[in-house]
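Protein chains in written order, with our numbering: chain A, 1 to 707; chain B, 1001 to 1104.
Careful: at least some of the hints might be erroneous.
[Claimed, not checked] Over 10 Å on every C-beta distance to chain B, these chain A residues come out as not near it, computed from the model: (1) Ala394; (2) Leu511; (3) Leu513.
[Stated by the list, open to error] Chain A residues, not near chain B, derived (Cβ > 12 Å throughout): (4) Gln121; (5) Glu133; (6) Lys157; (7) Val270; (8) Pro305; (9) Leu331; (10) Ile606.
[Unchecked claim] Cross-link-like lysine-lysine pairs, in silico, DSBU-like; alpha carbons within 35 Å at most: (11) Lys1034(B) - Lys506(A); (12) Lys152(A) - Lys1034(B); (13) Lys66(A) - Lys152(A); (14) Lys66(A) - Lys157(A).
FYI, nobody ran anything at the bench for these hints, they're computed from the structure. Glycine is no exception: its CB is placed at the ideal position from the N, C-alpha and C atoms.
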Amino acid sequence: MTKAGPSETRVPLHEIPRRRQADASIAVVGSPNSGKSTLFNRLTGLRQRIGNYPGVTVERNVGLMKADGRTIELVDLPGTHGLSAHSYEEQIAVDVIFGRMAGTQPPDGILAVVDATNLYQGLFLVQQLIELERPIVVALTMVDAAAAGGLKIDLEKLSAHLGGIPICSVVATTGQGIAALRDAILALPGNTLPQPTMAWPELMAVATELASTAALPMRRAEIERLIIDGATGLNAHVLECLGADAAIRLVRYRDELFGLEPPLAREARVRYAWVRQVLGDVQEKMPVLLSWRTRVTQIFNQPIPGTLGLFLVMAIVFQAVFAWATPMMDLIDGATASLGGWVGGQLGDTAFSSLVADGVIAGVGSVIIFLPQILILFLFIILLEDSGYLARAAYLLDRAMRSVGLSGQSIIPMISSFACAVPGIMATRVIPNRRDRIATILAAPFMTCSARLPVYALLIAAFVPAQNVVFMNLQGLVLFGLYMFGIIMGVLTALLLRKTALRGPKPPFALMLPEFRRPNSRTVLMQLLGRARVFLRRAGTVIFAVAVVVWALAYFPRSADMDPSLTENEAAAAQLEQSWLGRAGHFVEPAFAPLGWDWRVSSAVIAGFPAREVVIAVLGTVYAVGDEADEATLSRRLKASTWPDGRPVFTLPMVIGLLIFYACCLQCAATLAVIRRETNSWRWPVFAWIYMTTIGYVGALLAFQLL
Amino acid sequence: MIGVAYVQATIAIINANHYHLDMANNDITLASLKNGQSGTIRSIDATDPQVQRLMVLGLVEGTQVQQAGAALGGDPMEFRFFGSGISLRREQAMRFIMTRDSGD
Ligand SMILES: Nc1nc2c(ncn2[C@@H]2O[C@H](COP(=O)(O)OP(=O)(O)O)[C@@H](O)[C@H]2O)c(=O)[nH]1
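Just chain A, same shape as in the assembly:
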């Protein structure tokens, strides 16, 4: 499944050159929802960088810890339940742990993150990690939740069962115990290797036997994976290292060990039997099957309340995004308008004044307005994710997804795509089957992302009356309709692909459901601030640059011989018409005329292909330069805009068409790049772009011509 080329991985692992600045590299390993990211952030703070593994386009999230003049590198790995990979994401974790990621070393030590309330699954993983024969330290997270549930764990006994490895209890959310853990990590590279556990002596004997003939020293865990998973994928290379007759011996050993039982089933049976034995010894009380919180939320696990709850949650999110943000947005809108007016007044009628007022303030300001809305949207998505509700949405919607050939597992990437398709597409890595995964990747860009939101919001605010229908605001309802439209288009796309190019068996569905948690305010705030920073940085760089360029194109060349009889507005319009932007716009206008777009809308749309929110900045600048500049806000300027013969440009069919175009069109270079990266081919991003642009154009055409 992994795309690391076999030629690179053939190099004996121990001969790959060391290439790093840090004194030691520690891999952070844990199952999903063990609190791994929270702990990683605690330990490394802001000293993080995200790069790529050389040769493969998988990002490598590294943080540094410094103490006593030494630098220790922590490598955060995707969550995994064990060393037998089931999805692309788990494959990355396993490859890094074994040092098979091309161009990287195996880690010098392991930080195993184990949720104290879920020792059962945690110890299964730790058991496998011990067999790596690397120094290892266990961070036992969520000890606060365990204590609240009345669960007592005897750490000394646990450590003894785990071959004497150090165990540190921490609360990652408050930072309790972090200092001790930090010391343990710093001491890690010098630690003695853990004693092997007595979980599965038969397997150990066979692995030792096989290793005895190896040309190179091999780690036991690697040979064990070969025995259990067979000589598939990257394990084949392990087999090669074991010598000529290893293949024959392997068959015999596997037969002796497993007989007809599937090896993975045997592994689970043996290892969990051992875990249960250990738990009986170290845990004072088995966790209650139902905590009070589960009891309360259990109501919402029932079919009908659960489904109603899901719709309620979605309705609240939409209402909030539209209604709560309005006061803030009006404030920013008013501020930019008066700032632009004031600057224009102060600087007089110069090119520089126009650049500041019409280019920068009108262009960038028209995008900044949407910060409150985008932050509210992100807040809800972060809350849904962090509280564990997203996984529940996935399972409630599994049946619906099954009818289009996907599974509930596709829901999490799709909901994340409402924020941004880039993380959404990356979230498809947990989907085990490649075809299911690609179908989800191509459905994701149809979800209404936060960059579409400003375009929708602008057009809705300008052209949909703010009246109430039953109990919902009509504007909110239209927005909801657009979100639904995106979902339907995405789902239909997936269905189409599953019936044609990506045909295959129905995907299975099994998903670990994290317990409902009160989201941690620190985590939520940090994520939200990160998002705000990204948005503002974009507004300050890309959008700023676009606004300046577009302003220049719209302002120059100045025509010298203006007819003096024209009013000021008419003169501005004539000037804009003969500017470079005006000429270019007129050149492309015929292509978009059937959609009812004038040259200004057409050129804004074209400018928006690298990043769709740019269209707002372009409209902001173009309309600030033109003859509608008397109106104070962009939405009023749009309403005032007319064809040369006086007909309004923004008629209802035209606006509907424009909305459909925006709902479908793939105007986002970042999304194309991530599709390329995740599918490892240019075929899919090219297909997605042509497919979505065509649908958008045809949809807008039909809306304008038929309505």
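With chain A's structure known, arrange chain B with the ligand on it following the hints.
Chain B with the ligand in isolation, oriented as in the chain A frame:
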């Protein structure tokens, strides 16, 4: 290829012997647990790789499991065991034979 078919047939026979409903013994499958009921896994039909994956997640013989919810139409279902929750489809849940815990 004949060898493979033979092995598969044998596995099927073994599983058929190993995996059968013993009605007299109060046996049920995981899928037939009602909401709030719990049981202990007694045997598993592990031929399906998907089921093997569930075993790796901890659903093995001897694990006590409680049904904790379901989606519309009763599929998929939600189960809890030790500190974890998991949702799976009925189709997979049927591969787990349970002994119902007394007291239900
Ligand atoms: N009570 C408590 N909650 C925690 C602790 N560590 C993490 N969490 C919460 O557990 C959830 C999952 O944490 P996260 O770091 O995202 O887990 P990951 O999936 O393993 O990276 C988040 O809601 C965290 O706020 C802890 O030590 N105690």
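Hint check:
no., hint, verdict
1, Ala394, "violated (8 Å)"
2, Leu511, "violated (5 Å)"
3, Leu513, "violated (4 Å)"
4, Gln121, "violated (5 Å)"
5, Glu133, "holds (22 Å)"
6, Lys157, "holds (18 Å)"
7, Val270, "violated (9 Å)"
8, Pro305, "violated (10 Å)"
9, Leu331, "holds (43 Å)"
10, Ile606, "holds (45 Å)"
11, Lys1034(B) - Lys506(A), "holds (26 Å)"
12, Lys152(A) - Lys1034(B), "holds (31 Å)"
13, Lys66(A) - Lys152(A), "holds (33 Å)"
14, Lys66(A) - Lys157(A), "holds (31 Å)"
Hint compliance for this structure: hints 1, 2, 3, 4, 7 and 8 are broken, all remaining hints hold.
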